[in-house]
Structures are given as structure tokens and as C-alpha cells.
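Trainee: Heads up: the protein sequence lines correspond to chains A and B, in order.
The first sequence maps to residues 1 to 125 in this note's numbering.
The second sequence maps to residues 1001 to 1451 in this note's numbering.
Among the hints, erroneous ones may be present.
When the alpha-carbon atoms are kept at most 27 Å apart in a straight line, the in silico DSSO-like pairs for lysine-lysine are as follows [claimed, not checked]: (1) A:25 / A:98; (2) A:25 / B:1421; (3) A:114 / A:48; (4) A:74 / B:1116; (5) B:1167 / A:84; (6) B:1116 / A:25; (7) A:25 / B:1442; (8) A:71 / A:98; (9) A:98 / A:42.
A few chain B positions that, by computed beta-carbon distances, are all more than 12 Å from chain A [what the hints assert, rightly or not]: (10) 1066; (11) 1098; (12) 1139; (13) 1149; (14) 1161; (15) 1176; (16) 1200; (17) 1217; (18) 1270; (19) 1271; (20) 1361; (21) 1369; (22) 1383; (23) 1406.
So these bits of chain B aren't anywhere near chain A, every CB distance computed over 12 Å [unchecked claim]: (24) 1033; (25) 1051; (26) 1068; (27) 1077; (28) 1103; (29) 1105; (30) 1129; (31) 1162; (32) 1182; (33) 1198; (34) 1206; (35) 1210; (36) 1261; (37) 1409.
These are computed hints drawn from the structure, not numbers from a lab.
These figures come from a predicted structure and were not determined experimentally.
Beta carbons: idealized from backbone N, C-alpha and C, even for Gly.
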Amino acid sequence: MFKHLTIIGIICFLMMGAFSVYAEKSTELYIPIGQSPGLSGKYTVMGKIDQINPQNQTIKMSGASGSYTVKMTKNTSIYLDRSKAQLSNIYGTLADCKGGDLVEVKFEDNSHSKPIEWIKVQKSQ
Amino acid sequence: MKLKLALICSLMLMVGCHMPSPPPTPDPDAELIEKGRQIFFNETFEGNGRTCGSCHPAENNFAIDPAFIASLPDDDPLFVAEFNPDLKENFENPRLMREFGLILENLDGFDDLANKFTLRGVPHTLGLPNSIDSAQGPRTGWSGDGSPGDGTLRSFAIGAVIQHFTKTLNRVAGVDFRLPTDDELDALEAFQFSLGRQEELTLPLSLKGTVAKRGQEIFNSLTLGKCFACHFNAGANGAPAIFGANAGNLNFNTGVEDLPDQPQDLTGELVPPDDGFGVPGDGTFNTPSLIEAADTGPFFHNNSIETIEGSVAFYNGDAFNNSPAGQLLQQATGSGINLDGTQVVEVAAFLRVINALENIRQSIELLEPVAQKWHQTVEQGKRLIDRAAAETEDSIAVLSGGGLNPEALKHLKEALRLTEKAQGSFFSKSRYAREAIQQQEKARDQLVETS
Chain A
1 MFKHLTIIGI ICFLMMGAFS VYAEKSTELY IPIGQSPGLS GKYTVMGKID
51 QINPQNQTIK MSGASGSYTV KMTKNTSIYL DRSKAQLSNI YGTLADCKGG
101 DLVEVKFEDN SHSKPIEWIK VQKSQ
Chain B
1001 MKLKLALICS LMLMVGCHMP SPPPTPDPDA ELIEKGRQIF FNETFEGNGR
1051 TCGSCHPAEN NFAIDPAFIA SLPDDDPLFV AEFNPDLKEN FENPRLMREF
1101 GLILENLDGF DDLANKFTLR GVPHTLGLPN SIDSAQGPRT GWSGDGSPGD
1151 GTLRSFAIGA VIQHFTKTLN RVAGVDFRLP TDDELDALEA FQFSLGRQEE
1201 LTLPLSLKGT VAKRGQEIFN SLTLGKCFAC HFNAGANGAP AIFGANAGNL
1251 NFNTGVEDLP DQPQDLTGEL VPPDDGFGVP GDGTFNTPSL IEAADTGPFF
1301 HNNSIETIEG SVAFYNGDAF NNSPAGQLLQ QATGSGINLD GTQVVEVAAF
1351 LRVINALENI RQSIELLEPV AQKWHQTVEQ GKRLIDRAAA ETEDSIAVLS
1401 GGGLNPEALK HLKEALRLTE KAQGSFFSKS RYAREAIQQQ EKARDQLVET
1451 S
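Using the sequences plus the hints, can you model the full thing?
Mentor: Structure follows, in C-alpha cells:
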């Protein structure tokens, strides 16, 4: 009986999204570039956009930690950070990303090999 | 006259002659915790006037409920949506806040404020060292994903300030609020981790009350209550024998959202379904600790059930037994949960008694520095006594609410009387605190065998 329960328990454990990341995503929109708690400076990468490839949904960027070509998916959130201009941050699209924009990206994994979960793009308006 | 004066002086000397024992080894984090306390209750982060303590007041177990809300003045920052024109729409639902203690959250995004939100109760912040760890990382808030950034308790305040402290719905950092600094986040985390129980219970306890004792058996039974599977030792973690040694806190879809006739739905106000963890949500919510449950209702993420008996009875109903968690339990054990009325009350009595025991433990812990004169300032002493009184009121309420253990209640009422005397006394605080502790210990002896 207990063995049965254990097996079901483990199945249940796996079914309940046990391996998801337990962080709240929605308020990330309003956190300015470089200030995401526990992520910025540790797991995110900051830099400037060098090139955008809309067909491949990729952005080439470079910064203090080197150059990266980051891949976006339909699940990637694009946040336009307008807090420096004292304007409300808004959701954006790839079309809002321009060469030279300061960006911060968070990869889906910490080894930076997977697509990005979100990108923040600094905008003056 | 001289004789009277001499008598008074001798009495005062006798009172003052109680030699305090040396204070215990100071907590190395005491300064950080105190800083965190100050921030938690006083810092508005240049926002709309709310503090963390607006929704997590110390005098109400660090949570709010309709009765507590009704005791606040109309200009309390909790009601900012009622008097700040910029927050009048889409920030809170004042009616549901006042009637059911529900707080609005935009957990699935801020792109459609009028329609995309959830309404949740306020969870207490007690015993967090035992309730938020899981094999995959910390789980905070009702759905386990309440904290932004890295998802830790340390980061929680950032999301809370953006969601609840803003002056306007523009939510511009540096304009509508300021974000907590790293130092403030460290202090807030230390303070929150210091609250309440620092250790797990080990069940079974040698309970003295017949009804609560039977409740504990049902709670830990694999064929009756089965409660222990998700609430091991009545805490917030999955049973290691079932979910693995390091499973810790887990999320489940127990069907609370499918309950019929939920109070907030009966009002006709817009109450969108709450999809729980993630965006879009998977319908799961995390497991709260039950030790602190009986005095922190209403229950479940949406405050849908008012009483502890009702919340135990929930697991008998179709909403739970047809839920993903209920179905798995049926497959695993061959049956759902089907307790009879007496058994529901017995499990609830067990939960009431363990809550009262935790109230007693906390009361003693709070009174001890006063009894031993370890507290640093008058204000600190007052704060400790106030909280001890609140804890004692809770233990009286949870036991009397279940018609349990009149002998223990007698001692708790006496402990409350002595604690109130300590509150009002200038010279005899320490003595009254010592006597109150003795009464708390007598009450505990009525509830559980102590070796």
C-alpha cells in the first residue's frame, strides 16, 4: 500500500510542475534594467544591440561579458524599460528593438545556451 | 505615616530585587532582524503609504481578515483605492477587500488591468523557515511563485512594492515608488525568517484531549484523513516517505477553484478564475502549514472557507475528490477522503490544539525577555507584551471556538489577565510576566504530556 502511494506520489510530484522555476514573472515588467533581484549581475547579461535578425528571431548583442547571439521564441517577453524617462514600462515587440539600444536578457537556462525568457530594452520614450 | 513609607519602600525593594538571569547568547542576526522589523512596519518605499505591515500586521498573526480590516480607520493605507483617485480603478476591489479580505494581484500580467487579475487572501508570514523550501527552490506566496527575480523570499519585497505600494498605475520606479535596496532586502528577509516557529513539530504528540487525540490519529491515517501526505507533521511539506526526502513544499491542484457558491462569487463582482502557478497557470497552489492555521483563517488562496472545520470538510467534497490531487489520492489509496461529521470536528480539534500549543510557545518566548529583564528598551518590552497578549487571545479563541479543554482555557485566561497587568505595570512588569509564563505552562500541561 505504502509503496503504491510512494509511486503515485512521485508521479504526482512530477506532474505538478515540480521542475518549473518558481518566480513571479509579471512584475518583471516594471523592474528597471539591471535591478532584477537575484538575477541581474548573476544570471542575466547586459549589453548593446549590434544586430537584429527578425527572420531568425535573433539579436546579436555585446557588452562587458562578451558577445552573444540570443534567440527569441513566442514565449519570450519583451519589456520596454522607460523608467529613466520617468514613463511607465510597457510590453514591446521585436520591432521595438533597435541597434544601439541598451538591453538586459535572461536566458531560459543559466548556461546561456537556450533561448531567452525575457529581454528588457531601454527606451527614452 | 513613616511606617507606611518604610513598608512601601521595602516592597519596592523586594520587587526590584528579582535578579535577572544573564541573557542568552545574542543572536548574531539580531541587529539585521531589528532593522528588517523597522522596514517591514515603517517603510513606505515612497509609495502610496502602505508598508509590509499594512497587510501583515504583527497584532493579527501577520495577516489580515475581514474582522481585522473592519477595525481599521477609513484612512488606513490599506484602503488607498477608496481615497486616492489614481488608484480608484483596477488597483483593488474595496468591497471584496472589506467583506472577504481579498487583495488584487496582476499575476498573469499588467496588460489588461480591468479583466486580468486574481483576488487572493493574505497568507501569514509565520514559520517561513519550515514552509517555503522545495527541491527546486523556494516557493513563496499562494501559488509558490510569488517572488520576482530569483524567486527567493529576499526578492519578495520587490514584487510587493510594484504591485501594492504604487502611487499610480503607471508603476514607474523612482516616481511611483522606490525599489528596496540590497541592504533592505537582506534585512526584510532576516526579519521574516525570524517570525514564528523555527522548527518542525514531530507527530504524534501525546495529546491529552480525547477529541484532539482522535483527530491526530485520523490526520495521520492512510485510510481516513490522509492529511499527513501533503502536511507532514502538520506542516507545509510533503511526506518524505511518499514524495522523497527533499521534496519540501509542494504545489497541488486540489480543486478549491471548483468549489460551488464561493462567497466572493455570490456578490456579482468580477472575480476571474485564479489559475495558480505560472503564466498561464497550471491550476496548482502551494501547501500551507497547518500548525498556524486555526487562528489565521479564512482558508485557502481565495479565503473561500471561513472556519477550520469547513476547511477540513472541504476534502470530503466533490471539488477535492474530483480534482487532480484528489484523483491521484484515490488511485494511490483506493478511496477518496470521506470523513463523517464527528471525524471532521476531531481533525479540526487537533488543528486547534496544535495551534494553541504554538500560541503558548510563542507567548512564553515573547514574555521571557520581559520576565528576565533582557529587553533593551521600554518600547521593546511593550511590543513583546502586546504580542504575547495577542497570542494568548488567539489560543483562547481557537480552543473555546472548538469547545475544547476548559482547564487549559482557565489557565490561558489567567495568563492573559497577568499579561495585561504586565502591560499596565511600571514596577512589576517582570513579576507579572513570570506569573503569566507559569499559567501558560500550566495550560500546556493540560493539552499535552510534557516530559
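Trainee: Taking C-beta pairs only, is residue 1176 of chain B more than 12 Å away from all of chain A?
Mentor: Label violated. Min Cβ-Cβ 9 Å, cutoff 12 Å.
Trainee: Verify that the Cβ of residue 1105 of chain B lies farther than 12 Å from every Cβ atom of chain A, and report whether the claim holds or is violated.
Mentor: Since the minimum Cβ distance to chain A is about 8 Å, residue 1105 of chain B lies within 12 Å and the statement is violated.
Trainee: Does the claim that residue 1098 of chain B lies outside the interface with chain A hold up, using a Cβ gap greater than 12 Å?
Mentor: holds, 25 Å
Trainee: Quick check for students: does the CB of residue 1383 of chain B sit more than 12 Å from each CB in chain A?
Mentor: holds, 29 Å
Trainee: Check the non-interface label on residue 1409 of chain B: least C-beta distance to chain A beyond 12 Å or not.
Mentor: The claim holds: residue 1409 of chain B sits with its nearest Cβ about 38 Å from chain A, beyond 12 Å.
Trainee: Are the Cα positions of residue 74 of chain A and residue 1116 of chain B separated by 27 Å at most?
Mentor: Given that 27 Å is the threshold and the Cα spacing comes to 20 Å, the pair holds.
Trainee: Over 12 Å to the closest beta carbon of chain A is the bar; see if residue 1206 of chain B clears it.
Mentor: holds, 25 Å
Trainee: Taking the closest pair, is the beta carbon of residue 1210 of chain B still more than 12 Å from chain A?
Mentor: holds, 28 Å
Trainee: Does the structure keep residue 71 of chain A and residue 98 of chain A at a Cα separation of 27 Å or less?
Mentor: holds, 16 Å
Trainee: Verify the proposed pairing of residue 1167 of chain B with residue 84 of chain A, using a straight-line Cα cut of 27 Å.
Mentor: holds, 17 Å
Trainee: Hey, residue 25 of chain A versus residue 1442 of chain B, does the alpha-carbon distance stay inside 27 Å?
Mentor: violated, 49 Å
Trainee: Taking the minimum C-beta separation from residue 1149 of chain B to chain A, is that value above 12 Å?
Mentor: Residue 1149 of chain B is in fact no farther than 12 Å from some Cβ atom of chain A, at 4 Å.
Hint check: violations occur at hints 2, 7, 12, 13, 14, 15, 29, 31 and 32; the rest are consistent with the structure.
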